[in-house]
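Protein chains in written order, with full-length UniProt numbering: chain A, 1 to 461; chain B, 1 to 945.
Careful: at least some of the hints might be erroneous.
Heads up, simulated DSS-like pairs for lysine-lysine below, C-alpha to C-alpha not over 30 Å straight-line [what the hints assert, rightly or not]:
1. A:Lys209 to A:Lys129
2. A:Lys384 to B:Lys655
3. B:Lys463 to A:Lys129
4. A:Lys369 to B:Lys655
5. A:Lys42 to B:Lys903
6. B:Lys931 to A:Lys34
7. A:Lys129 to A:Lys369
8. A:Lys397 to B:Lys931
9. B:Lys453 to A:Lys129
10. A:Lys415 to B:Lys655
11. A:Lys42 to B:Lys453
It is worth saying that the hints were derived from the structure and are not from the lab.
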Amino acid sequence: MSSRFHQLLPMLLLLSVGVSAVEVQRPRGVPLSKRQFYEEGKPFTCLDGSHSIPFDRVNDDYCDCQDGSDEPGTAACPNGSFHCTNAGFRPAFIPSSRINDGICDCCDTTDEYNSGAACQNTCREMGHKERESLQKMAEIAKEGFVLKQQLIQEAKRGIEDKKAKLVDVQVVKKDLEEKVEALRTVKETAEQPEKEAKERHLKAWEDQKALIRMEKDKARMAVVFLELDDDADGLVSVSELLSHSELDPDSDASFTEAEAQGLLGGVDKVDTEAFEAVWNNLKEKYVSEVTTYTAAPVETPPEEVREPASDNESEQYPEDDVQEDEEEEDEEDEDDDQDDADYKVNPLIPSFAFRYIYRLCPFNRVSQKPKYGGSETNLGTWGKWAGPEENVYSMMKYEHGTGCWQGPNRSTTVKLTCGKETVVTSTSEPSRCEYLMEFTSPAICGEPPSRDSEPRDHEEL
Amino acid sequence: MVDSLRRLSGAAFQLKRAKSVRPMASALVLWLAVYLSGTWAVDKGNFKTCDQSSFCKRQRALKPGESPYRALLETMELTNTRLTLQLINDNNKVHLLLELYRLQGNITRVKINELKPLKPRYEVPDVLIREPPTEPLSLLSQDENGVVLSLGVESQRVIISARPFRLDIVEGHEVLMSLNSRGLLAFEHLRMRKDTQADPEPEKKEEADPDNQAETAKEEEEKVEEGMWEETFKSHSDGKPNGPSSVSLDFSLPGVEHVYGIPEHADTLRLKTTDNGDPYRLYNLDVFQYELYNPMALYGAVPVMLAHHAQRTTGVFWLNAAETWVDISSNTAGKTVFGKMLDYVQGSSETPQTDVRWISESGIIDVFIMLGPTPKDVFSQYASLTGTQSFPPLTSLGYHQCRWNYNDQEDVQSVDAGFDEHDIPYDFIWLDIEHTDGKRYFTWDPHKFATPKEMLQGIMDKKRKMVAIVDPHIKVDSNYKIHNEIRSRGFYIKNKDGGDYEGWCWPGSAGYPDFTRADMRAWWASMFAYDQYEGSMENLYTWNDMNEPSVFNGPEVTMHKDAMHGDWEHRDVHNLYGFYVQMATAEGLIQRSGGVERPFVLTRAFFAGSQRYGAVWTGDNAAEWDHLKISIPMCLSLGLVGISFCGADVGGFFKSPSTELLVRWYQTGAYQPFFRAHAHLDTPRREPWLFGPENTALIRDAVRQRYTLMPYWYLQFYQAHHTGQPVMRPLWVEYPQDPATFALDDEFLIGRDLLVHPVTEEGVRGVTAYLPGKDEVWFDVHTFQKHNGAQNLYIPVTISSIPVFQRGGSIIPRKLRVRRSSSCMEHDPYSLYVALNPQRTAEGELYIDDGHTFNYEKKEFVHRRLSFANNLLSSVDLAPDAQFTTHSWIERIIILGASKPSKVTLKTADGQESHIDFEFDASMSVLTLRKPGMNSGADWTVMLQ
C-alpha cells in the first residue's frame with residue numbers, strides 16, 4: 001500500500017558514495033526550473049492552469065491534473081514526466097510510466113524508489129564515459145580537419161601531375177588515332193549496312209547521356225558549393241572564393257576581390273540558387289578540395305572515350321537486368337554442397353553482409369559484388385543529398401539501382417560522419433533492397449570549434 | 001539424386017504453369033517474374049476443385065434420393081452405454097456397423113464403420129480429451145419399421161428408421177436434425193483391386209487375404225471408375241493402394257437458415273450455400289496469396305458446424321482428419337426477401353431448412369451431434385469433447401512486433417529501443433526463418449545472431465519477450481544434429497516406397513518428422529530443453545509455421561497423400577499434422593520449465609482441439625482493405641469452434657499498406673485476441689514510428705487502448721479456458737433471438753460486455769453499428785455517451801476513431817497506467833468502469849494471478865465478483881478456497897449513467913468506513929470516485945448516498 005502515500009524528497013539526499021549533493025527541497029520528480037510552482041502548504045495549480053488542488057494531492061499517486069503536473073514523482077498520470085537529476089551525468093526527463101516499473105532508467109536510480117529493482121547509480125561512470133567519447137570525437141574532428149587540409153593540398157599537386165601526364169598521353173593518343181583512322185576505313189566499308197541503325201541508337205544514348213551529364217554537373221555544383229562554403233552559412237562569399245586561386249579569371253596569380261565578385265555575378269555572397277546562375281563561371285576551373293578516395297575511384301574515365309555500354313547498361317537494356325539477377329541469385333545460394341539447380345527453390349538472400357563486397361563511388365554509384373565471383377548489382381546511382389534540413393549534407397541518397405524481384409529498385413542511403421579515415425564502416429539492408437551505408441571521411445570534418453566542447457554538466461547543486 | 005532432380009524439374013514445370021506456389025519458391029526462378037508480375041490473387045489452378053478430387057467428384061455425383069442403406073434391426077444390441085446395429089447397402093450387400101452413444105451434456109455420437117473392413121480404417125486419436133463419458137440410452141419403442149430411443153433430456157428422442165435407414169433427433173414434435181434423410185450416406189468399402197492390367201506398377205500388388213477374398217466375392221460387381229486406384233493432379237500422381245475409401249453423410253436442419261463454423265475459410269461468418277459452386281473444403285494447405293470470399297481450403301481445418309435459429313443452436317462435429325468437403329444447401333437460399341414475405345403472408349407451409357453434406361476421403365464416420373439448445377450450451381458441449389482454449393501467459397495478450405525478418409541482433413535492439421523512444425508498449429518481438437543457421441531450426445545464424453542469450457537478456461531487462469520460429473520441415477544435412485537424430489531414430493515420415501519422405505521447403509531438401517507418433521513428439525518436446533536448444537532462455541517462445549505441412553514441390557504445396565505414417569497413409573492424418581506439431585512444441589515449452597510455466601506457441605495449421613496448445617493466426621494475408629475486413633469473420637469463425645486465441649497479421653503480410661490502412665489495422669487488431677504486426681521480407685519497413693508523428697500517435701493510442709484493457713482480456717481468456725466460450729464473439733451468440741444479429745460480421749463482441757465496430761473501410765466519415773438488446777443501453781467507451789440498444793447507430797468517425805461500446809449492466813476492470821510492457825504493469829492499480837443498465841445495476845468480474853505459471857491450477861489467484869445494485873458496489877470472493885496476494889489496488893471507480901450522490905462511503909472488510917472524494921460530470925452522468933485505495937483482492941463495499 002505504500003503506493004498510496006505521497007513522497008516528498010527528504011531535505012538531504014545522499015546520492016552516492018563520495019558525492020553528496022544538497023538537494024533543494026521539492027516534490028519528487030520536479031526539475032529545479034519548475035520548483036517555484038510546487039510550494040508546500042499552498043494549493044497547487046495544475047501547470048496547464050486547469051484547476052487547483054490541495055498540496056497534499058501532489059504526488060499522492062492519483063492523477064488530478066489533465067496535464068499530469070500534479071504527479072511528477074509517481075506513475076499515476078499517463079502523460080506525466082519525471083525528472084532525474086542524475087548528478088555526475090546529464091539530467092533527464094523520463095515518461096512517468098517508467099517510474100517503479102522495475103527497470104532502471106535514471107542513472108541516479110531515482111526512478112525506481114519503490115519497485116524493488118536493484119539499480120546502481122551509474123551517473124559518474126556515464127558522465128566519465130560521455131566526456132571521454134566527446135573528447136575522442138573532438139580529437140577526431142580536429143585531426144580529420146587537418147587531414148582534410150592535407151588532402152586538399154595533395155589533390156592540388158595531383159592535378160598538376162595529371163596535367164603534365166596529360167600532355168604525354170595526348171601525344172600517344174594522336175599517334176594511336178592515326179592508326180585507328182587507317183583501320184576504320186577498312187572497317188567502315190565492311191560495316192556500312194549496320195551503321196545506320198547504330199547511329200540512331202547512339203543518338204538516343206547520347207541524349208540520355210547528356211541528361212545524366214547534366215545531373216552530374218548539378219551534383220558536382222552542389223558539392224562545390226558545399227566545399228566553397230567554408231563557414232557553412234549556406235552562402236558562398238567572395239572571401240571563401242578567394243581561397244581557390246585556380247578560379248582567377250585572368251590567371252595572373254593575383255586573384256582579387258573584384259575578380260571574385262565578378263565571378264559571383266557582382267555580389268558579395270550567393271546562396272545556392274544564385275550559385276546556380278554563376279556556376280558556369282566556375283565549373284571549368286574549379287579544383288575540388290576533395291578528389292581522392294582510397295576506397296574507390298571518384299573520377300570516371302572521360303566519357304568521350306567510352307562506348308555506350310558498361311556504366312548505364314542496365315538503364316539501356318532492362319532485359320540484361322533479369323539476366324544479371326538470375327546470376328546473382330545463383331550466387332546467393334547458400335549451399336555449395338548441393339546441386340546448383342536445386343537451389344532455385346530457395347529464394348532468400350543469405351547473410352549478405354558476409355558474402356558481398358560493397359563499393360561506394362561517391363557521387364556516382366553504389367554496387368554490390370559477390371565475394372566469390374558473379375556479376376555486380378547496382379545498388380543505386382547518385383541521387384541527392386538527403387540529410388535532415390539542418391544538416392542536409394550528412395546523408396547521400398543513391399537511387400534507381402537494379403530492380404528487385406516484385407519489389408522496388410534498389411537504393412542506398414549513405415550516412416556521412418567525420419573520421420580520420422575515408423572508409424565505409426558498415427553496410428546493411430534494413431528493408432529489402434534498401435541499403436544503408438555508414439561512411440567516414442576527413443572530407444566531412446568541419447573546422448572544429450575553437451574551444452573544446454565539454455559535456456554540459458548540470459549538476460544542479 | 002536422379003530421382004530428386006526429376007522431382008525438381010517437375011516442380012519447376014509446375015511453377016511455370018502455375019505462377020504461384022509459395023512466394024519464395026517461385027522467387028528464384030527469375031524468368032518467372034515475367035509471368036508473375038501483375039498476377040495478384042491465388043492461382044486457383046494450383047489447388048483442386050471438387051471435380052479434380054476424385055472422391056469428391058464421385059460422391060457429389062450422387063444426388064439426393066432413396067438411400068440404398070437399410071437398418072438390420074434384428075442385429076440391434078443395446079447396452080447401458082451404447083446401441084449398435086448393422087446397416088446393409090442393398091446394392092452391394094456390404095454391411096456397416098452403426099454405433100450410437102448418448103454422451104454427457106446433451107451430445108449424441110453416431111459412428112459408422114464397415115462391419116468387417118479389409119483392413120482397419122483410421123479413427124482419429126488424440127483430439128478428444130478423453131473417451132467421452134456416456135449416459136444410459138433407453139428404448140422407448142420398437143417395431144419392424146424402426147426404433148425409438150430416449151435421449152433422457154426433456155422429450156428428446158432418437159428415431160432410427162429401418163427402410164431406408166435414416167436417423168432423426170426430435171424434441172416433442174419438432175425435428176432437430178435428420179441424418180441420411182436425403183439418402184446421401186455413402187460408404188466406400190475397402191476392396192481388392194480387380195483391374196490389375198490397369199496397374200502400371202506391378203510391385204504394388206497387394207497381399208490377398210483369403211477370408212476377405214471370400215467376403216468381397218459376395219459383392220456385386222462394381223464399376224471401377226477413374227481415380228479410384230490412382231489419381232493425378234498436375235504432375236503429381238497419387239498411388240492409392242487402398243483404393244476408394246471415402247465416406248459421406250447428409251444432415252438436415254429444419255428451421256435453420258444460418259450455419260457457421262468449419263474454419264478455415266476466407267469467407268463471411270455466415271456460411272453460404274454451395275449449390276452453384278464448390279463445397280467448402282477442409283484440407284490444410286499453404287495457400288499463396290489467398291483469395292477472399294470463396295470456399296477454398298486454407299491452412300487449418302476444424303470440422304465443426306454450428307446451426308442457429310432464434311429458438312435453438314446445435315452443432316455437428318465431424319471427427320475425420322482426411323480431406324473433407326462440406327456442401328450446404330437451403331430451401332430459402334434462392335428466395336428474395338419479398339419471396340420470403342410472400343410465403344409468410346400466404347402462410348406457406350414450407351419451413352426454412354438447411355441441408356448439409358459432409359464428404360471425407362478416408363477414415364470412418366464419427367459424428368458428435370451437439371444439441372444445445374443455447375449457443376453457450378453448444379460451446380460447453382464441444383469443449384467437453386476437445387477441451388478449452390489454453391490459458392495463455394498474460395503478456396501474450398499484449399502487442400507483438402514481428403517482421404520477416406529482423407536482420408540481426410543490432411536490428412532487434414534498435415527496434416526494441418524504438419518502442420521506448422516512441423513510448424509504445426509491446427511485449428514480444430519475433431524472429432522469422434532468417435534467424436536460423438541456414439533454415440536449420442533450433443539454431444542461430446552465427447553472424448547475425450551470434451550471441452542470442454545476450455540479445456534475449458537485453459529483451460528480458462526490459463521485461464519483454466521473444467518468439468523464434470521453429471518449423472517442422474527439417475533440413476536434410478548430415479551436419480545437422482536435429483536431422484541426424486530424427487533420421488537415426490526413424491522418426492521421419494516415409495514415402496510410399498519406405499524411404500524417408502523428402503520434400504522442398506525453406507532449407508531446400510527437407511524431411512518431415514512424423515508428429516503422429518507419441519515417441520517422436522516426446523523427443524521433439526525434449527529439444528526445447530535449455531541445454532538442447534542452444535541460445536534459448538525462459539523468455540524465448542515458439543512459432544510453428546508451415547505445418548500444414550507445406551511442401552513446395554508437393555501436390556497442392558503439401559505432402560503426397562501416399563506418404564506413410566507408420567501403417568497409416570498421410571491421406572488419413574493430413575489435417576492432424578499441424579495440430580500435433582503445436583501439441584509437441586507446447587509440451588516442450590512446458591517441460592523445459594519443469595511444468596511450471598505456461599507455454600506460448602503460435603501455429604498456422606490447426607485442427608479440432610488445437611485450442612489446447614496456443615494461438616492461431618490467419619496466415620499470409622495481404623495489405624488490402626478487404627483483408628482487414630475479413631479478419632473479423634475469420635477469427636469469429638475460429639472462436640465459434642473453440643479457438644479463441646486468433647489474430648490476423650496487422651498491416652497485412654504481403655504488399656505494403658497505405659498509412660491509413662496500417663492505422664486502421666492497428667485499431668482493429670488492438671481489439672482482436674492475438675495482436676501481432678507482421679510483414680513480408682520484400683516490403684518496406686513499417687515499425688509504428690515510420691509514418692510521421694501523427695500516425696505514430698494514432699498507432700500508439702490504439703496499442704495503449706489494448707493495454708488499458710489487459711485485465712479484461714485476461715479475464716476473458718480465463719473464462720474461455722474454463723467454459724469454452726469464445727472470447728471474440730459474433731453478436732448472435734449473446735443475442736440469439738435477434739435475427740438482426742445473425743449475419744453481422746463487421747462488428748463483434750469481446751466477452752459479452754464490449755462491442756467493437758472497427759473502421760475497416762478506406763476514407764469513410766462514419767460507420768453504422770448495430771447495438772443489440774431491446775432493453776439495453778451501450779456506452780461509448782471514449783465519450784461515455786449513452787445509446788439505446790436494438791438500433792443501428794451511425795457513428796461519425798475520424799482517423800483516430802475506434803468505435804467501442806460498453807454494455808450497460810457491466811463492470812470492466814482496466815489498468816490505465818500503460819507502461820512499456822504488460823509485465824511492467826503487473827502491480828499497477830485498477831480502475832473499474834461501472835456501466836449501469838436502465839435498472840441501475842451492473843456486474844463484472846476481476847481475475848488476478850501471477851500471469852505466467854500453472855499455479856492458478858493450484859488455486860493461487862484472486863477471482864472477485866463485482867456487482868452494483870441499490871447504490872452499493874461490492875466486491876465478493878468467487879473463489880474463497882483460492883489464495884493469492886496482489887499488490888494492486890483500486891485506483892478509481894467510474895460509474896457511467898450515474899446520478900450525483902451526496903456522499904460516498906467505502907466500507908472495508910474490517911468494518912472501517914471512510915469517505916471517498918468524487919467528481920460528477922452532469923452532462924454525461926459520469927461519477928468518478930477518487931482513489932478509494934482498497935486492495936483488489938479484498939472484500940469491500942462502496943455506498944452511494
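Now for the hints, and whether the structure bears them out:
{"no.": "1", "hint": "A:Lys209 to A:Lys129", "result": "52 Å, violated"}
{"no.": "2", "hint": "A:Lys384 to B:Lys655", "result": "27 Å, holds"}
{"no.": "3", "hint": "B:Lys463 to A:Lys129", "result": "26 Å, holds"}
{"no.": "4", "hint": "A:Lys369 to B:Lys655", "result": "28 Å, holds"}
{"no.": "5", "hint": "A:Lys42 to B:Lys903", "result": "26 Å, holds"}
{"no.": "6", "hint": "B:Lys931 to A:Lys34", "result": "26 Å, holds"}
{"no.": "7", "hint": "A:Lys129 to A:Lys369", "result": "39 Å, violated"}
{"no.": "8", "hint": "A:Lys397 to B:Lys931", "result": "55 Å, violated"}
{"no.": "9", "hint": "B:Lys453 to A:Lys129", "result": "26 Å, holds"}
{"no.": "10", "hint": "A:Lys415 to B:Lys655", "result": "28 Å, holds"}
{"no.": "11", "hint": "A:Lys42 to B:Lys453", "result": "53 Å, violated"}
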